[in-house]
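Two chains, two frames, some hints: make the complex.
Residue numbers (our numbering), protein chains in the order written: chain A, 31 to 288; chain B, 761 to 1077.
Simulated from the structure, these hints should not be mistaken for laboratory data.
Hints may contain errors.
Unchecked claim - Estimated spans, in silico, between C-beta atoms of each pair: (1) Ile779/B to Gln118/A: 47 to 57 angstroms; (2) Gly869/B to Ala104/A: 19 to 29 angstroms; (3) Cys270/A to Thr868/B: 31 to 41 angstroms.
Just so you know, even glycine gets a beta-carbon here, dropped at the ideal spot from N, CA and C.
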Amino acid sequence: MASSVILETKGLSKSFGDFTAVEMVDYSICEGESAGIIGPNGAGKSTFFNLLTGMFPPSKGMIRFMGSDITDQASFKRVSLGLVRTFQLVSVFNSLTVLDNLVLAAVPFNSQFTRMSRFMLGSAHRDEVLSLCEESLIRAGLEQKRWSLTSELSYGEKRMLEIAMALLLNPKVLLLDEPLAGLSEFEISDVLSIINSLREQLTLVIIEHKISRLVGIVERLSVMHQGQIIAEGLPDQVLCDPTVRRVYWGADDQACET
Amino acid sequence: MKSINTTTLKKFDLLFIAIAFVMLGYLVTFQRTTDFIIFCIFVVSYDLIYGYMGRLSFGHMLYLGTGAYATALFCDHVSSNPLLAILAGVVCSALLGAVLGPIVTRTTGACFALINLAFNQVGYFLVLIGFSSYTGGEDGMSAFFGNLGPINFNNKMTVYVFCLTIMLFVVYFVRRLTSSPFGILLLTIKENESRSQFLGYNTVIYKLIAFIISTGIAGLAGGLSILNYTYVTPSFIDPTRNVEVIFASLIGGAGSLYGALAGGITYMMISNYLPNYIQRWEMFLGIMLLILVFWFRAGVWGYLTRFSGKPGKEMGS
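In isolation and in its complexed conformation, chain B is listed as follows (with noise of 0.2 angstroms):
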């Protein structure tokens, strides 16, 4: 039976999530808060084809930076309108997404890992150097944007709740769609793919749909980092950052919204404080994936809601 406090929690989520960015707001500043919404965002997209459809990818960043040049391109030279900007980094995350993901989502496993990686890294490069008359190469490049309306998108207070809107609407979306047929079936595929097409499902285009939903996700992400620092560099895709996301899906627990959020918040926690205090803060992260492998497979989340009655839908990876 569905215990009491998870469908309380699905009723009033976004209320949840959003009262608890803003206490984060006020805990490490709202400046710092963004960063950490446009993470959380990244993190559920790359939870969608990780934590549920099952595929471990190393090269997300590429539709994280596809979206964030194509967003800083737009803007320097379409329109300065921020929604319209970001909303071209969105169409160019899923684009690529789309013309790449029928190779892509054929492979499983290391297949799939190492393919991603290869053309993140072809991505990388040709954003570092192949396109760097339009990318501004290691300098990176600059997007000015202009005023929405009476909005000005220069103001960080601004900014902060934008992302949080957004991130409350990728939340809400997210949600339908691993809650409704869909979802489970990018489970099945994860479980057994072979065994839903016995079901009738033609696996291959939802995986796909997944893959381009993801990639959409995350080139949103990439988006509003623009908007957030008003600048680019090679850096928002360099395929060494995918260990981030990985690392924050693993803190979570794979296969969970909620997980991802939580994951996403820890991860830029530690990232952002411990540097404070140690100097190899990474060694710290290097401990922590041992204790989360070894005692913790479901992560934070999978743990905290271990005892809550409802069967955990899956354990981490």
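Chain A on its own, in the form it takes in the complex (with noise of 0.2 angstroms):
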């Protein structure tokens, strides 16, 4: 098993002053699987994923990637690693028509832009690079809106199209932040099919309050709170725990399932 651990944190911890957001997080997972952190507010998972991506500097700790110790790297060599990420507010690029943020999601590991000149001087617009983003203009249902600015979206339509930014990148493991969080129960269905169909390509994490949602998709569940992991495993079980259920629904005895 330990083979196939693609994704791990050691000791991983984040203090801003003297708030500890994330402390000595021991997380890993393995190829192919897909897990889920829930926790309450505050409890340190988005600052988590902001470490594993390397918006900033774990204080402590390491991480792991692909066998490789990839703490200090930048941003953006991890994406070209293959660790990509969503956003818990969605971030997309308002300015851009859909295609090109798409275009732009689809050039950078792709080897035929590898050449600077083509990147540099090639138009945005051939007919490779619509080629690649086809699919996903498809897939993500804006195939009208293509030539929209971003900005006249709807939210859940930004979503569909940060997921598919996100997928454009070849990822190998994909971190999604609340990829439910301000969507419609329609949009909702609409993410969890994409989510579903993800399950067998490629590693996923996701974040998510809505525990309910969570227990069909991911196969081990991690609690955090108050900057700690503090239970972990099947999510049935995890759901039972009395620490968990202590913290996420206060002490009152609740049924076990949600």
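Put into structure tokens, the structure is as follows:
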């Protein structure tokens, strides 16, 4: 099992002044696994993702990805290794068209564009590029809106676009930070069906608030509280864990099923 | 969907621009149009870092001046071949951009603007006092260009045609640049640089490349001005003149190549002709800036293309 660990952290900590957002987190995920991380607001889930993807450096600890130490690597390097994320608040480029957002994600690791002259002087809308984006447009349900400015999309459409962009980067591990937050029921089922279809292809780590949504998707669930992982295991087991239930629902006894 | 008129414009834009500048030549004399052309090249170079990359600089005159002085010095000391001299100007400016770029492009916002201004001041001081034995200090220096084969660059019409040709090349080059993935990346650096890094781009390198290209083109504008005026004075590197190019960018609409040209022409028209009628014409510029900021954030070009169907790529600053 140890051989197939693709991403792991050892003693990962991050403090902002006196406040410790993430404290001594040992986390690992195996290739092909889908894992979820839940926890109350301010538990340090997003900070943990930010550390994994290199948004800021950890105060202590180390991160290994596919056998190599990436603790000090810049975020763009990690993306090129295959560690790709989405953001809690959808982050796409509002000033660009939908298509240009995708073009930008399709280009960086495409062998046709590794030559600088192609990247800098070749048209962004050449057929090779467009065909790369076409499938993503269809999958995200945005083929009618390719020329629209991204700022004109609804929040759910932006979420779909963001996921499509992440997928164009050919991730090995995809980190989804609350992918369902702020979406309507209808949009949630769209995003869930995409996530479901990804489970076989790549390693997934999902942060989510709605625990019930995660149960069907992830094979393993971790619970974060005050910067630490307080429980880990199969979703059903974790949800019945007394510590978890105290943290999540307070002291009162509630049914195991959520 | 792309509308018809922008697509046809894209196809024949160089032709349209050439015709526009020839007509302008008949309208305001060719000698003046040469001035306009050179200024437009400078605005295009400025627009690359301001309009596309979103970094407002108060020190772009430094690179125009470096190009101008390098061209003049090369012409006096090495060779009077105009092509080589201008090339020397471009190379010197781009080299200076490559040296200062790693420091400058680290910063954003006010810091970027002021660091550039600081370097511009240093350059101005060096030209005026520090290296005055080479640059002629306040008096400046003149440059005498030889003939290039049968072409006589002392003929104003020749200079006009030469500058127009160069400008068309620059427009072509910058259009290729801005419609490539690199151009889109520059726009994303303007909007949210850290997000571009999460798409796997080493934005530090790309910002530096854009900066060097921009400084190189600014140096080209400097070299061409020497070809046009045959002398150079410290006013070519004067930091207070940065206002002109910022103004032109705002008038035309930042982040659009055609906007840069439109802004360059508009500014030159105002600064050339308004003083004939109004003594303190700069006041008019101030009022115009207010109008632009409040009602026409996308500039002249952004306003004109607003109704053409294709969404304007971005609004002004």
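Broken hints, by number:
Number 3 - this is the single hint that the structure violates.
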